[in-house]
Amino acid sequence: MKLWLFIAKRIVFAFIAIIGLTFIVFILLHTAGNNLLLSEYINPRLTGPAREQVIHELTLKFHLNDPIYVQYFYWLVAIFSGDLGYTNTPIYSGPVSGAIALFLPNTILLTIIASILIWIIGVPIGVRSAVKRDSAFDQSVRVVSFALYSMPIYLVAFLLILVFGVYLKILPFAFSLSPTLASNLSWYVNGVSYPTHIVIIDALIHGNLTAFANAILHAILPALTLALSTIAGIMRILRASMLEVLDQDYVRLARAKGVPEKVVINLHARRNALIPVLTLYGYTVASLLGGAVVIEDIFSYPGMGYWTTQALLNNDVGGIMASTLIFGIVFVIASLLLDIIYALIDPRIRY
Amino acid sequence: MEKRSSQLKLSLKIFFSNPTAVIGLIIFLAYVIDAIIVEVSPGLLGIQNPNQLQMNFINPVPQPPSPHHPLGTTYPGIDLLKGILAAIRIDLYYSVVIVIGGAIIGSVIGIIAGYRGGIIDDILMRITDIFFAIPYLVLALAIGFVLGRTTESMSIALIIVWWPLYARYARAQTLSIKRMPFIDAAKVSNVGSLKIMFKHVLPNVLPPIFVQISLDLGSIMVIFSVLSFIGLITNPNLPELGYLTSLGLQYIQTAPWTVIFPGLAITIFALAVNLMGDGLRDLLDPRRRSSI
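Line by line, the protein sequences are chains A and B. Under my numbering, think of the first position of the first sequence as 1, with each following residue one higher. Under my numbering, think of the first position of the second sequence as 1001, with each following residue one higher.
One thing to keep in mind: the hints can contain errors.
Pairs of lysine-lysine residues, derived as BS3-like cross-links and limited to a Cα-Cα distance of at most 30 Å, are as follows [unchecked claim]:
(1) B:K1178 with A:K9
(2) B:K1178 with B:K1009
(3) B:K1199 with B:K1187
(4) B:K1195 with B:K1178
(5) A:K2 with B:K1178
(6) B:K1199 with B:K1013
Short derived list, chain A residues pointing at chain B, Cβ under 10 Å [said to hold, decoys possible]:
(7) W4
(8) F23
(9) F146
(10) P152
(11) Y154
(12) V293
(13) I320
(14) G328
(15) V332
Simulated from the structure, these hints should not be mistaken for lab results. Ideal placement from N, C-alpha and C gives every residue a C-beta, glycine not left out.
Isolated chain A (complex conformation) (with noise of 0.2 Å):
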């Protein structure tokens, strides 16, 4: 088959896929009744009959009386154009849109600085452990992947902030910024930064230093947590591809010929090892997203995943739905991104 054929049956894939996520969104929120549909949008202290009124007018607006596939439609097109609807929580009020315009970005954030974090830490461990096989180092760095492999990501973050935060009080572990700092801060409200909503950014364009220290100290754990929940697996696909790929014939070829080490295994081995490492990777980044659910949770960082339970915790139809769009969706995006780089990357992949 060829590439561009590939890519195009499986944007179509991720499109049906997008598509299916919302219709099981949709009729999860449909069977939970219209009542609670509604409620963002009623005015709690609106009573008899001018509540009535209201409802009535909001069942037309959404075309609640419609069959159910009439109303999937225009909550498609409703939420194709952004009307994700509204959300109330204690740490938020409003449209959705703004919600998610104020808590993505630290979780971006926190993605991105995870997956450097795995891969700085995880890809030369793995490397190494691969290439001592069996030593102590190898051994060690099984028996610990293995046991983060097992671990529930609240152990670790809390085993990081007994280590880091109780016993040698190097590093905070609540909220993107100490809130004896941000007190002074006029450009930091209620755990949200303006205007980028990163905070370590924010620091940087109001040429605040100490707070752009203070955030990126506040930002370690939280990362390190996310990191650490991942960098076992990872280390252990790239173990397991790095002894494949050093006995192949190339990397035979090569050391008979009197290339130094190093550069067989930085140059020859490791590039090749890395290519399973890479899907398993952008999984992981898509995944880190849902991690960060429980670990901002943990760690009160002001990201979509504290919003989401936030919502949780408020029955909030808006905000529960909104986050499960998109997750799901930056997950698919991801997956085909990948698929993509992967069938660039490695031909034999193409079917």
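Keeping the supplied structure of chain A fixed, place chain B upon it in accordance with the hints.
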């Protein structure tokens, strides 16, 4: 018949020659036995009501481990050892239900897709892709919202996200079995395709599925506890490891054992079933077989 028993002997020999797999099996059995004791006769372990954590508001602040409370207590005055022993039963039960549920749905869909092929395969696998694309937390949030935040609704959410994995395994396995001569023989002797699928294909798909089940038990218990931890299961006093961990949250700085011990109970289980699963996987690997 003789061949089969010698095969079994060989399998057992391979499994028991792997010390880590045996340790995994022993730990797994310990958890199972604990669950059975709590189910049948909780009094043996000093547990009064296996469905409820015993609170003690006279002394609610977490106490460090002592002879009276070997693992210490967590808020509000819950003995952690008893709490964990009781919680294992619930976590184990739901993990098994979820994994088996997902495996059954996935295997059936995977076998049908793989055996039928063509358009049926395409449709079933695209549906599988859609479900595969949903992050578990996302679906758990949505289902928790609609069906309520209960153990049952979380189990449903996890089964829904877990079956696609099994569908893919079963399909891949079916595709290779489909080409084997005994399937052709069955076709020639006019056996119905439904019968072929479930009488001839299924038994051959099961062994790798079984290995996957044992590997997944740990991940599912971890995920189930995470869902409970973030508040997606609201059943106060339910002995559940994630909930038990969350009770100690406010005391993490002064009483770290309140979060570490329940967390470890899950980690050890997940480690054990992973080791056991790796051992089981070796049984299916012909290269390993011939080396012994």
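Each hint, compared with the structure:
Proposed proximity of K1178 of chain B and K9 of chain A is supported: the alpha carbons are some 27 Å apart, at most 30 Å. Restraint check for K1178 of chain B and K1009 of chain B: the C-alpha separation of about 28 Å stays at or below 30 Å, so the hint holds. Using a Cα cut-off of 30 Å, the hinted pair K1199 of chain B and K1187 of chain B holds, with the two alpha carbons roughly 12 Å apart. For the suggested pair K1195 of chain B and K1178 of chain B, the alpha carbons sit about 13 Å apart, so the restraint of at most 30 Å is met.
Proposed proximity of K2 of chain A and K1178 of chain B is supported: the alpha carbons are some 28 Å apart, at most 30 Å. At roughly 28 Å between alpha-carbon atoms, K1199 of chain B and K1013 of chain B fall within 30 Å of each other, so this suggested pair holds. At about 20 Å, the closest approach between the beta carbon of W4 of chain A and any beta carbon in chain B exceeds 10 Å, and the interface hint on this residue is violated. Hint on F23 of chain A holds. Least Cβ distance to chain B is approximately 9 Å, under the 10 Å limit.
This hint holds: F146 of chain A has a C-beta 7 Å from the nearest C-beta of chain B, less than the 10 Å allowed. Interface restraint check for P152 of chain A: the shortest CB-CB distance to chain B comes to about 5 Å, inside 10 Å, so the restraint holds. With 10 Å as the threshold, the beta carbon of Y154 of chain A comes within range of chain B, its nearest partner Cβ sitting at about 5 Å, so the hint holds. The interface hint given for V293 of chain A holds, since its Cβ lies 5 Å from the closest Cβ of chain B, which is under the 10 Å cut-off.
Restraint check, I320 of chain A versus chain B: the minimum CB separation of about 5 Å is within 10 Å; hint holds. Restraint check, G328 of chain A versus chain B: the minimum CB separation of about 6 Å is within 10 Å; hint holds. Checking V332 of chain A against chain B: minimum C-beta separation of about 5 Å stays under 10 Å; hint holds.
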